[in-house]
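Engineer: Sequence:
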Amino acid sequence: MNATQTLDAQELAALLHFYADSGVEWLVEDEPVDRFAQFAAQKAAEAEAKMPASARQPQPPQNGSAPAPRTRGETATQNRAAAGARPAAPPSVAVPDSEAVASARFAAESARSLVELKTALEAFTGCNLKNGARSTVFASGDPSSGIMVIGPTPNADDDRDGLPFSGRQGQLLDRMLGAIGLAREAVLLTNIIPWRPPGNRMPSDAELEICRPFLERQVALAEPKLLLLLGNFPARFFFGANGTIHSLRGEWRDITFGGIDAAAIATLHPQELLAAPANKALAWQDLLTFKKRL
Numbered sequence: 003m004n005a006t007q008t009l010d011a012q013e014l015a016a017l018l019h020f021y022a023d024s025g026v027e028w029l030v031e032d033e034p035v036d037r038f039a040q041f042a043a044q045k046a047a048e049a050e051a052k053m054p055a056s057a058r059q060p061q062p063p064q065n066g067s068a069p070a071p072r073t074r075g076e077t078a079t080q081n082r083a084a085a086g087a088r089p090a091a092p093p094s095v096a097v098p099d100s101e102a103v104a105s106a107r108f109a110a111e112s113a114r115s116l117v118e119l120k121t122a123l124e125a126f127t128g129c130n131l132k133n134g135a136r137s138t139v140f141a142s143g144d145p146s147s148g149i150m151v152i153g154p155t156p157n158a159d160d161d162r163d164g165l166p167f168s169g170r171q172g173q174l175l176d177r178m179l180g181a182i183g184l185a186r187e188a189v190l191l192t193n194i195i196p197w198r199p200p201g202n203r204m205p206s207d208a209e210l211e212i213c214r215p216f217l218e219r220q221v222a223l224a225e226p227k228l229l230l231l232l233g234n235f236p237a238r239f240f241f242g243a244n245g246t247i248h249s250l251r252g253e254w255r256d257i258t259f260g261g262i263d264a265a266a267i268a269t270l271h272p273q274e275l276l277a278a279p280a281n282k283a284l285a286w287q288d289l290l291t292f293k294k295r296l
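Residue numbering for the sequence shown follows this note's numbering, beginning at 3 and increasing consecutively.
Quick caveat, the hints were computed from the structure, so don't treat them as lab data. Since the structure is predicted, the reported quantities are computational estimates derived from the model, not experimental observations. None of the hints are false.
Pairs of lysine-lysine, DSSO-like flavour, derived with a Cα cap of 30 Å:
(1) Lys-293 to Lys-282
(2) Lys-227 to Lys-294
(3) Lys-294 to Lys-282
(4) Lys-293 to Lys-227
(5) Lys-227 to Lys-120
(6) Lys-227 to Lys-282
The calculated label-pair distances, taken between Cβ atoms and stated as ranges, are:
(7) Gln-287 to Thr-127: 37 to 47 Å
(8) Gly-148 to Ala-181: 12 to 22 Å
(9) Arg-170 to Ile-257: 27 to 37 Å
(10) Arg-203 to Arg-114: 27 to 37 Å
(11) Pro-279 to Lys-45: 49 to 59 Å
(12) Asp-263 to Ala-188: 16 to 26 Å
(13) Thr-258 to Lys-294: 19 to 29 Å
(14) Arg-114 to Ala-42: 51 to 61 Å
(15) Gln-44 to Thr-258: 48 to 58 Å
Cβ coordinates follow ideal geometry from the N, Cα and C atoms, glycine included.
Using the sequences plus the hints, can you model the full thing?
Structural biologist: Now the structure itself:
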């Protein structure tokens, strides 16, 4: 293990970036925890659990004598051990249920512009995902372009910067769009889920239903004509299919979403292309198909 005192600024930044990509959300806790006391209390509890019930009962003092008083040091040690043995109370989180979905729908439908929708989304507290995310990642770009590029969820770079498609994935997407004569400023970039799930896990069905009204309202307000869907999750979400991106990509489909009729095509997500560069040829075919429709 490297001590932080021996790392320069660039090495320390790379280490922190690695932790963020690995799903580490907090580096330190609010209160110090005595791990040695926790371990000792755990061992004592395990040993007591193995004893017969009669042996665990406190024995009454014999001959009328009072139990020996505890010293201040013994009492403090036992209190610390007991405190360490008690699990920390979990943070208060929202419960994904029908009330949360109804609250999300009301907040989304009350927004009359994308600016108001962003404000409503940032104030919304009905989704568990927001409790573990640093940023609410809202759409960016030109809402009047008639083009929306939609990904699945924010990654660690998006969560850090508060913008969709940041970091290496964003750089690759910029090159993909540039290859067909587009720039990120000339389209509307967004994700289905506005908060990064812990450890980049997939959102649950309940979390998806809570976030759905905000995406529907984004589409309704932007009124896009063309949708470019990146990856498995967006393709399945919009097409209502269970196939992989390789079976869903490359074909135009007419959809209705948020009360708006649009044409959508799916292709591989930049992260999938970074992991398997050989698939760039497939993505290039999809981009050419998209370009013909512009």
